[in-house]
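Protein chains in written order, with the numbering used here: chain A, 14 to 426; chain B, 5 to 457.
Simulated from the structure, these hints should not be mistaken for lab results. It is possible that some hints are incorrect.
What the hints assert, rightly or not - Heads up, incomplete: computed chain A residues facing chain B, CB under 8 Å, no partners named:
id, residue
1, ALA47
2, LYS51
3, HIS63
4, ALA64
5, PRO67
6, ASP68
7, GLY69
8, LEU75
9, ILE84
10, ASN249
11, ALA258
All residues carry an ideal CB built from backbone N, CA and C; glycine is no exception.
So the chains spell out like this:
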Amino acid sequence: MAQLDTRQKLEILADAAKYDASCASSGTAKRDSAGKAKGIGSTEGMGICHAYAPDGRCISLLKILLTNSCIFDCHYCINRKSSNVRRARFTAKEVVDLTLAFYRRNYIEGLFLSSGIIRSSDYTMEQLVEVARSLREDHQFRGYIHLKTIPDADPRLIEAAGRHADRLSINVELPTDPGLARLAPEKSASGIRAAMGGMKAAIEDGHDAKKRYRSAPAFAPAGQSTQMIVGADAANDSDIVRTAATLYDRYALRRVYYSAFSPIPDASAVLPLSRPPLMREHRLYQSDWLMRFYGYKPAEVAAATDDAGMLPLDIDPKLAWALKYRDAFPLDVNRAPREALLRVPGLGVKAVDAILVSRKWRRLSLADVGRLTVSIAKIRPFIVASDWRPTALIDRLDLKPRIKREQLELFAA
Amino acid sequence: MLPRPDDIDAWRDAARALAMADVAPADIVWRVEGEGGDLFGTAATPRPTPTAPAFAVPRRFVDLAQSVILHRDPERFALLYTMLCRLKDDPARIDDESDPLRRRLDLLAKEVRRDIHKMRAFVRFREVEDADGERFVAFFEPEHHIVRANAGFFLHRFATMRWSILTPELSIHWDGTTLTEAPGATRADAPGDDPVEALWKGYYASIFNPARLKVDMMVKEMPRRYWANMPETALIPGLIAGARAREIAMVEHTAPRGDGATAWEKLREEASHCTRCPLHKCATQTVFGEGPIDADLMFVGEQPGDQEDLAGKPFVGPAGQLFDRAMADAGVDRARAYVTNAVKHFKYEQRGKRRIHSKPNAGEVKACRWWIDQERRIVRPKRIILLGTTAVHSLTGKAQSLVSVRDRVLDVGDGATARATVHPSYLLRLPDREQAEVEYARFVEDLAAAARL
Ligand code: SF4
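Could you build all of it, start to finish, from the sequences and the hints given here?
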């Protein structure tokens, strides 16, 4: 076989990485290169999306695999052993050079590196760590690094990864254990959870050490995250929400990413072949927000699902919850506490905080609230303002907007 | 008269002096040197003498003003001044977020912040060689007067690089130690190409998943006004145009291959843990479908009954026995058909010692459809016979009466043809013998016809 050049390898190994959703570059320690003799890069609190792909997703990191060869045979994965795809492999140096070349041109915030498993978990992990080490030590790279770790790799390797990377992640892959057993027969749910637990402990130790000695090396300052595939197993939305809540809780994850299962070339017979359930993925992210920023309990999100345990696709989960619990509304914007206002469909965290500040000044009218929000129409039925009281609006069924055609097409088989 | 459009200090000095002299907002014309027409004469009026004492403004206003001043809206100075005058009397008013003026200023500041953020994101350096070695040059067209305010970001990030950012209004250069300003430039002043760009484009095209096309979302976050100076955006029309074809190819190439038997075994195993609806709680076990996994013919019943629930096999109770007899009479070999149910768990009401079958509701049918869809994907039957309304509901997604569908060929997707007939348990419940015989004969007829289809 002819040798592949860098561009061909890059295309193969980026293509192989496009199914992973867990690509963000925020929430790490601040660093910069000002006044430094060598090196490059900086990080701020918030990552920067340097471009957007036509799939609407942000490109902030060079997201690639070190290799798409794999000794495992997970059915949902394009890189599995039995798949017929073209294989490629980067050396650690090639990845380092590419990252720096892209970074210097301001294309990216850093690197998100993952890999198929070659030879052994430890061998693969060593390679991943070597890339991060070289970037940090040989090149004094101060941009963002996210490494996908291999669950059963030697803890010392994970430790080394944490010293160099901003974020580490281990994918739980599927929301249910039976789903994992069916689709990733060589992976073990308990092994994945154990690795997440170990990671959590290491991150906490890192924090403690940092508190005691300022010079202590940081360990994955942007924490750990995970991804689960939605739509490849039988889990319904309440299962998924419950699994996510447990993960946040037990392993102190920064983020749980959902990735609508999309058809992969050369799929295994074990898989659904429909278009990816993008709208469902979107609703799950919205429910994630409700839990992380709006104080909803997992059980409350589950209460917004239908009797098949699925969130409605035509309306967002917050509206779905509000329609189920109509007697919690309308709420007086001039009196209701923050937690209650956060439940009003259409009112975001920012708007609620602005309302709380503003009402020290005046009794808010509908127009006042309108100025603090994107659109008042959605909110109106759920609030009382100085000059406004919904008259039984809340009982009307047409609060539920009609399903838009495009949305239907999104999840048509 | 202000020397530069983004000069916050000059504005502050002027505004402070004017406010201390109690000049009304309406009496001021704000102008930037070299900008705008000459409607009201050229000479800048001298600063008035203060009539009021010095005053302090809240920090929050200063922050706000710092952003707003960078906006290109010519009204910005006047709006800020109006706000300043109000704050002179009542500094705490800055916190009134629903005040219309405050809101207007917030929106201007937000647009500026967004432009600053977009500049950080969308500047694309190209590498050039000059006498001193490598240098990185970008051309960028911001929407507001943000370049000076944004230099710090690039300084921190690219401190050890030599770089220049050229914009129509002004250019900034960093030589590794000092930042200098120069007049504006055009795109032609920037280098035309960089070999790394080909790699970047290759990356951009590959990381995009054509099965997830969401163009609106992309344009919202990456407005077209920035596209001209981003090399990768040239690929977008082609990527969009080709996406559907690539997606279809992905799906077609993905015609399931591999070992159907293993896939089916695993699916059955996963189904045994299903909790998609509450029915799993009371039933003994999941009753999965059964039969050759390459069968041409698939039968879909309603749900397992009492005996099926205990045996873990479909169609073994009284209705199953009747079904067997009718199949034999119709001349169809049951052993060559795949037999399954729309709902995989037994739903019942407990009456004394007896468990009386009760009909699954729409939610349960919908929840369980996931399984039948997976079974169909593995078995890929050419013909499907729906036994009773629940099966019709499951596969067509609509609750329809049997009368309305019985003599039609139904579309259930996948290229399979489907026909509906009664569920055998219906025949068992008919009290009238004569009618039962007529209905039985019709059932046999339906089975035979469907098998021939
Ligand atoms: S009836 Fe179907 S969906 Fe409900 S629990 Fe049983 S197998 Fe799952």
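Original post:
Quick check: which numbered hints come out false for this structure?
Top reply: 9, 11
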